[in-house]
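Read off the chains here:
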Amino acid sequence: MLQTYKVTGGDFVNAGKASSSVKGILKQLNVLAGLIKRVVVALYEAEVNVAAHAYSGNILVEIESDQVRIRVTDSGPGIEDIQMAMKEGFSTASKEVREMGFGAGMGLANIKKNSDTFNITSVPGEGTTVEIINKLTD
Amino acid sequence: MKIQEIANIINGQVLTSGLDAGREISQAFSSDLMSDVLTRDYEDTVLITGLANLQAIRTAEMSDIGLIIIARGKEVGEEMIRLAESSDIVLIKSAYSLFRISGLLYEAGIKPIF
Ligand SMILES: Nc1ncnc2c1ncn2[C@@H]1O[C@H](COP(=O)(O)OP(=O)(O)O)[C@@H](O)[C@H]1O
Ligand SMILES: [Mg+2]
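Each protein sequence line maps, in turn, to chains C and Y.
Residue numbers for the first sequence follow the working numbering, so the first one is 89 and each next one is one higher.
Residue numbers for the second sequence follow the working numbering, so the first one is 28 and each next one is one higher.
Be aware that one or more of the hints could be misleading.
With the C-beta cut set under 7 Å, the calculated list includes, among others, these residues of chain C facing chain Y [what the hints assert, rightly or not]:
1. Val129
2. Gln171
3. Met172
4. Met174
5. Phe178
6. Ala192
7. Gly195
Listed below are the simulated BS3-like cross-link pairs for lysine-lysine, each with C-alpha atoms no more than 30 Å apart in a straight line [to be verified]:
8. Lys200/C <-> Lys138/Y
9. Lys115/C <-> Lys201/C
10. Lys200/C <-> Lys94/C
11. Lys29/Y <-> Lys201/C
12. Lys200/C <-> Lys125/C
13. Lys183/C <-> Lys101/Y
14. Lys29/Y <-> Lys175/C
15. Lys101/Y <-> Lys138/Y
16. Lys115/C <-> Lys29/Y
17. Lys138/Y <-> Lys125/C
18. Lys94/C <-> Lys183/C
19. Lys101/Y <-> Lys105/C
20. Lys175/C <-> Lys105/C
21. Lys29/Y <-> Lys101/Y
22. Lys223/C <-> Lys115/C
23. Lys183/C <-> Lys29/Y
24. Lys125/C <-> Lys101/Y
25. Lys94/C <-> Lys201/C
26. Lys200/C <-> Lys183/C
27. Lys223/C <-> Lys200/C
Bear in mind the hints are in silico, worked out from the structure with no lab data behind them.
Quick reminder that beta carbons are idealized off the backbone N, C-alpha and C, glycines included.
Please model the complete structure; the sequences and the hints are all you need to start from.
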C-alpha cells in the first residue's frame with residue numbers, strides 16, 4: 089500500500105495529519121500498539137521538522153505486510169552538519185517553533201531511536217531527506 | 028482514578044464530549060515540551076501541560092495518551108476540542124498552575140511515570 093502526503097513549512101495547524109493518518113491505517117491492519125507508536129512518533133517528529141525548518145515537503149509511506157518504509161523529502165535550507173544536528177540539544181528552531189512545544193533539539197535523536205533503520209541525507213540550500221524503515225511484526 | 032474524579036480534584040472542566048469518561052488513569056507526566064513527551068512510553072497516563080495548541084493533541088495521539096489537562100486557565104480553542112474528540116482524547120481545563128495540578132494529583136495517588 090502506498091500513501092503520499094504534503095507538508096507545508098510553517099504550517100503548525102496541519103503538521104501531524106500524515107502521522108495521524110498512518111496511525112489509523114496501521115491500527116486497522118492490527119499492528120501491535122508498541123510498534124505503531126515507534127513508527128508514528130518517528131514520522132511525527134520528521135513531519136514537524138519540515139513544518140519547522142523547511143519550505144515544503146513530501147511524505148511517501150510504503151506499507152507492506154511485515155514492514156513500513158517512510159521517506160520524508162523537503163525543499164528547504166538543508167543541514168550543513170548532520171552529525172551536529174543529530175546531537176541532542178542542538179537546535180536552530182525559531183521562537184515560534186519553541187512556542188509550539190518543539191525546538192529543543194531532541195527530534196532527530198528520537199526519530200533515530202524509534203526507527204529500525206534510519207537514514208538522513210541533506211544538500212545545503214536544497215533540502216533534506218529522512219528515511220525510516222520499521223518492522224511491523226515482532 | 029476515573030477522569031471525573033481527576034477533574035474534581037483540580038477544579039477542572041471536561042471540555043470534550045461523547046468520549047468514555049470511565050477510563051482509568053494511574054500515572055501522569057507534566058511538560059510543556061512536546062519533544063520530551065514523545066521520548067517516553069505511557070499507559071493510562073494523563074499529560075499535564077500549559078501548552079494549549081493543536082500539537083499538544085497530536086503529541087498525545089502519537090504517544091497513546093488518553094487524557095490531557097490544560098493548566099493555567101489557558102484558552103482552549105474549538106478546533107483543539109474537536110481534534111481531541113476525533114482522536115479519542117479527553118481534554119480537561121483547569122485554572123490551577125502546572126505545579127499545583129501535579130501536586131494535587133500526586134497527593135491523590137497518581138504516580139509519576141519515572
Ligand atoms: N528538515 C530539516 N530541514 C532543515 N534543517 C533541519 C531539518 N530537520 C532538522 N534540521 C536541523 O537540525 C536541528 C535539530 O533537529 P531536531 O533534532 O529535530 O531538533 P529541533 O527540530 O527541535 O530543532 C534543527 O534545529 C535544524 O537546524
Ligand atoms: Mg525537530
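Exercise for review: Go through the hint on Met174/C and say holds or violated, using the shortest Cβ distance to chain Y against 7 Å.
Suggested key: Violated: closest Cβ of chain Y sits about 14 Å from Met174/C, beyond 7 Å.
Check your understanding: Keeping to a limit of 30 Å between CA atoms, is the pair of Lys138/Y and Lys125/C held or broken?
Key -> holds (22 Å)
Review point. Within a Cα-Cα threshold of 30 Å, do Lys175/C and Lys105/C meet the stated pairing?
Key: holds (27 Å)
**Study point:** Interface hint compliance - Gly195/C to chain Y, C-beta minimum distance less than 7 Å
**Key:** holds (6 Å)
Review point. Close enough to count: is the Cβ of Val129/C nearer than 7 Å to one in chain Y?
Key: Cβ of Val129/C sits 5 Å from chain Y, so the hint holds.
Exercise for review: With a cut-off of 30 Å on the C-alpha distance, tell me whether Lys101/Y and Lys138/Y pass.
Suggested key: holds (25 Å)
Review point. If you draw a straight line from the CA of Lys29/Y to the CA of Lys175/C, is it 30 Å or shorter?
Key: Violated: Lys29/Y and Lys175/C sit about 40 Å apart, past 30 Å.
Review point. Within a Cα-Cα threshold of 30 Å, do Lys200/C and Lys125/C meet the stated pairing?
Key: The hint holds at about 14 Å.
Review point. Given the hint that Lys29/Y pairs with Lys201/C, does the C-alpha gap stay at or below 30 Å?
Key: This hinted pair is violated, its Cα atoms lying about 33 Å apart.
Exercise for review: With a cut-off of 30 Å on the C-alpha distance, tell me whether Lys200/C and Lys138/Y pass.
Suggested key: Given that 30 Å is the threshold and the Cα spacing comes to 29 Å, the pair holds.
Review point. Are the Cα positions of Lys29/Y and Lys101/Y separated by 30 Å at most?
Key: holds (23 Å)
Exercise for review: Take a quick look at whether Lys101/Y and Lys105/C sit within 30 Å of each other, Cα to Cα.
Suggested key: Within the cut-off at roughly 24 Å; holds.
Violated hints, in rising order: 2, 3, 4, 5, 11, 14 and 23; the structure is consistent with all others.
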